[in-house]
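K.L.:
Each protein sequence line maps, in turn, to chains S and D. Position one of the first sequence corresponds to residue 1 (my numbering), numbered consecutively onward. Position one of the second sequence corresponds to residue 1 (my numbering), numbered consecutively onward.
Just so you know, the hints here were simulated from the structure itself, not pulled from any lab data. A few of these clues could be false.
Unchecked claim - If you only want the chain S side, here are some residues facing chain D, beta carbon under 8 Å, derived:
no., residue
1, V87
2, L93
3, L116
Claimed, not checked - Take a look, some chain D residues computed to stay more than 10 Å from chain S by CB distance:
no., residue
4, A74
5, R91
6, A159
7, P170
8, G178
9, D199
Computed from a prediction, not measured in an experiment: that's the story for all the values here. All C-beta atoms, glycine included, are put in the ideal place defined by N, C-alpha and C.
Protein chains: 2
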Amino acid sequence: MAQASQATIGDSEFDRDTAVTRRADGVYDIDLSAGWTIINAVNGGYLLAVLGRALADHLPHPDPFTVSAHYLTASQPGPAVVRTQTVRTGRTLSTGQASLFQLDEQGNEVERIRVLASYGDLDALPDDVRTTAQPPAIPSIDQCFGPDDAPAPVPGSSAIADRLMLKLDPATLGWALGAPSGKGEMRAWFGLKDGRDADPFSLLLAVDALPPTAFELGLSGWVPTVELTVHVRCRPAPGPLRVAITTRNLAGGFLEEDAEVWDSSDRLVAQSRQLARARL
Amino acid sequence: MAQASQATIGDSEFDRDTAVTRRADGVYDIDLSAGWTIINAVNGGYLLAVLGRALADHLPHPDPFTVSAHYLTASQPGPAVVRTQTVRTGRTLSTGQASLFQLDEQGNEVERIRVLASYGDLDALPDDVRTTAQPPAIPSIDQCFGPDDAPAPVPGSSAIADRLMLKLDPATLGWALGAPSGKGEMRAWFGLKDGRDADPFSLLLAVDALPPTAFELGLSGWVPTVELTVHVRCRPAPGPLRVAITTRNLAGGFLEEDAEVWDSSDRLVAQSRQLARARL
Numbered sequence: 001m002a003q004a005s006q007a008t009i010g011d012s013e014f015d016r017d018t019a020v021t022r023r024a025d026g027v028y029d030i031d032l033s034a035g036w037t038i039i040n041a042v043n044g045g046y047l048l049a050v051l052g053r054a055l056a057d058h059l060p061h062p063d064p065f066t067v068s069a070h071y072l073t074a075s076q077p078g079p080a081v082v083r084t085q086t087v088r089t090g091r092t093l094s095t096g097q098a099s100l101f102q103l104d105e106q107g108n109e110v111e112r113i114r115v116l117a118s119y120g121d122l123d124a125l126p127d128d129v130r131t132t133a134q135p136p137a138i139p140s141i142d143q144c145f146g147p148d149d150a151p152a153p154v155p156g157s158s159a160i161a162d163r164l165m166l167k168l169d170p171a172t173l174g175w176a177l178g179a180p181s182g183k184g185e186m187r188a189w190f191g192l193k194d195g196r197d198a199d200p201f202s203l204l205l206a207v208d209a210l211p212p213t214a215f216e217l218g219l220s221g222w223v224p225t226v227e228l229t230v231h232v233r234c235r236p237a238p239g240p241l242r243v244a245i246t247t248r249n250l251a252g253g254f255l256e257e258d259a260e261v262w263d264s265s266d267r268l269v270a271q272s273r274q275l276a277r278a279r280l
Numbered sequence: 001m002a003q004a005s006q007a008t009i010g011d012s013e014f015d016r017d018t019a020v021t022r023r024a025d026g027v028y029d030i031d032l033s034a035g036w037t038i039i040n041a042v043n044g045g046y047l048l049a050v051l052g053r054a055l056a057d058h059l060p061h062p063d064p065f066t067v068s069a070h071y072l073t074a075s076q077p078g079p080a081v082v083r084t085q086t087v088r089t090g091r092t093l094s095t096g097q098a099s100l101f102q103l104d105e106q107g108n109e110v111e112r113i114r115v116l117a118s119y120g121d122l123d124a125l126p127d128d129v130r131t132t133a134q135p136p137a138i139p140s141i142d143q144c145f146g147p148d149d150a151p152a153p154v155p156g157s158s159a160i161a162d163r164l165m166l167k168l169d170p171a172t173l174g175w176a177l178g179a180p181s182g183k184g185e186m187r188a189w190f191g192l193k194d195g196r197d198a199d200p201f202s203l204l205l206a207v208d209a210l211p212p213t214a215f216e217l218g219l220s221g222w223v224p225t226v227e228l229t230v231h232v233r234c235r236p237a238p239g240p241l242r243v244a245i246t247t248r249n250l251a252g253g254f255l256e257e258d259a260e261v262w263d264s265s266d267r268l269v270a271q272s273r274q275l276a277r278a279r280l
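Build out the structure end to end from the sequences listed, making use of the hints.
P.N.:
Here you go:
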């Protein structure tokens with residue numbers, strides 16, 4: 001795991017792989033990296049970070065405050081176009097829309113994801129913190145387990161595993177040992193493996209980077225996201241993040257996943273909820 | 001409270017006040033009712049139901065599964081136009097977009113709300129229920145309190161109060177007595193006063209109809225919604241609903257409100273989360 005030199009925000013693989021190139025007003029090109037795939041699917045949080053960066057360029061405010069994404073079709077590694085639109089600009093917040101498109105085999109443009117988002121300036125917020133939520137109870141990093149610790153590859157791990165520092169709480173690892181807990185919980189330490197610290201865009205990745213809580217509920221199939229909304233509440237402090245995901249309502253073939261992301265200074269920096277389909 | 005005859009789904013004030021008239025493909029007219037205002041603001045859940053009904057007409061699937069709304073400017077009672085667009089249609093789900101517009105004093109069209117939503121057919125879902133969440137602990141309706149029970153009008157009550165059966169858990173009513181609990185919780189029995197049972201569209205109202213949790217946190221000002229996402233998970237059974245709202249992260253001038261809606265058969269029928277601004 002030791003790195004020759006630690007990557008930094010703005011100069012890291014994550015930054016390069018989410019960088020969009022402005023072709024025209026509201027039109028951005030990107031080559032979706034195969035480095036952020038799980039099995040063959042491009043990670044939904046990585047895609048959200050790509051859309052988030054395009055909107056950050058397009059809107060007058062720099063930071064995503066709330067981003068709502070509806071996932072339409074499965075993205076593939078390779079060229080994609082992001083189209084952005086300003087919905088409203090205000091003093092404190094601006095709202096935008098973005099869509100990611102790829103070409104299908106017949107050369108037709110297919111929409112992959114559509115996003116509505118409101119942006120602001122995290123650094124302009126007042127300092128008051130009256131959070132009643134508690135950081136997740138999770139053992140120290142060296143007592144948690146990642147793909148590197150498994151005798152064989154952890155089921156579901158993929159290219160993205162090489163880029164993440166992901167250490168799962170053993171209490172939520174039963175699924176990997178064939179003994180799911182039956183509780184809809186997943187907890188982990190999270191970072192980028194090259195040592196790049198977290199920023200609002202990597203928080204968009206963090207909320208969708210853990211194994212599905214459905215695994216601990218005894219489901220083993222794919223759990224595609226229908227909709228994912230992320231609130232970024234604070235610029236994260238340097239150091240590893242703790243991510244806790246909870247599912248309370250698996251019913252009718254769908255489930256919600258609620259994520260909380262805590263930074264090294266015990267600040268709740270992001271909250272997300274997604275609606276996903278459970279293949280029973 | 002006694003009604004000469006009970007209203008029904010499809011024949012009630014809520015149905016009439018949320019009914020949109022199709023002017024052309026993807027264009028709907030509505031006269032926003034002053035009956036669903038809080039102080040002078042049109043309730044955000046009522047507006048969501050209006051947008052939800054327009055999308056239900058426009059999309060091939062009937063029921064909102066997940067609706068993400070970004071609130072842009074304050075709506076006024078009176079004429080409005082809803083424009084809808086199909087984003088994608090699939091076998092199980094279809095995704096659409098809708099915006100609500102009104103004219104400003106200069107006659108310019110101003111966008112009030114923009115919504116992305118995925119629709120499906122609740123009646124086509126399998127019967128499996130593996131919900132671990134528990135219904136809220138709330139006293140019986142006759143032990144809870146509504147605007148009718150107050151010696152003077154409850155602060156914040158308005159025209160909408162005449163149309164709702166809203167009975168608040170006394171444990172979350174401290175704010176109305178000048179002694180907020182400091183906990184970000186609000187719980188209530190909820191229904192429509194004319195006895196109309198709940199359906200997916202009135203669930204969109206239910207998640208945004210209680211007093212703000214911020215009141216119990218000791219804030220007294222307006223708490224405007226930035227973004228609200230609702231998941232409708234089941235067609236609600238007849239009878240009153242229980243709504244529990246929780247805030248865990250009041251910080252930096254913003255807070256989240258998480259709502260759960262339970263029906264009379266103890267089914268968790270809707271979940272929502274909103275990001276709101278706290279005027280400190």
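K.L.:
If a hint holds in the structure, say so; if it doesn't, say that too.
P.N.:
How the hints compare with the structure:
Residue-level restraint check for V87(S) holds (minimum Cβ-Cβ distance to chain D is 6 Å; threshold 8 Å). Contact between L93(S) and chain D, as hinted, is supported at the beta carbon level, the nearest pair being about 7 Å apart and thus within 8 Å. Nearest Cβ of chain D to the Cβ of L116(S): about 5 Å, under the 8 Å cut. The hint holds. A74(D), annotated as away from the interface, keeps every beta carbon of chain S farther than 10 Å; the closest lies near 12 Å.
With a minimum CB-CB distance of about 12 Å to chain S, R91(D) clears the 10 Å threshold, and the non-interface call stands. The Cβ of A159(D) lies farther than 10 Å from every Cβ of chain S, with a closest approach of about 27 Å, so its non-interface assignment holds. Against the 10 Å criterion, P170(D) stays outside the reach of chain S, whose nearest CB is about 21 Å from its own CB. Remark: the non-interface label on G178(D) is consistent with the geometry, its nearest Cβ contact in chain S lying 19 Å away (cut-off 10 Å).
At the 10 Å boundary, the C-beta of D199(D) stays outside the reach of chain S, the nearest C-beta of that chain being 16 Å off.
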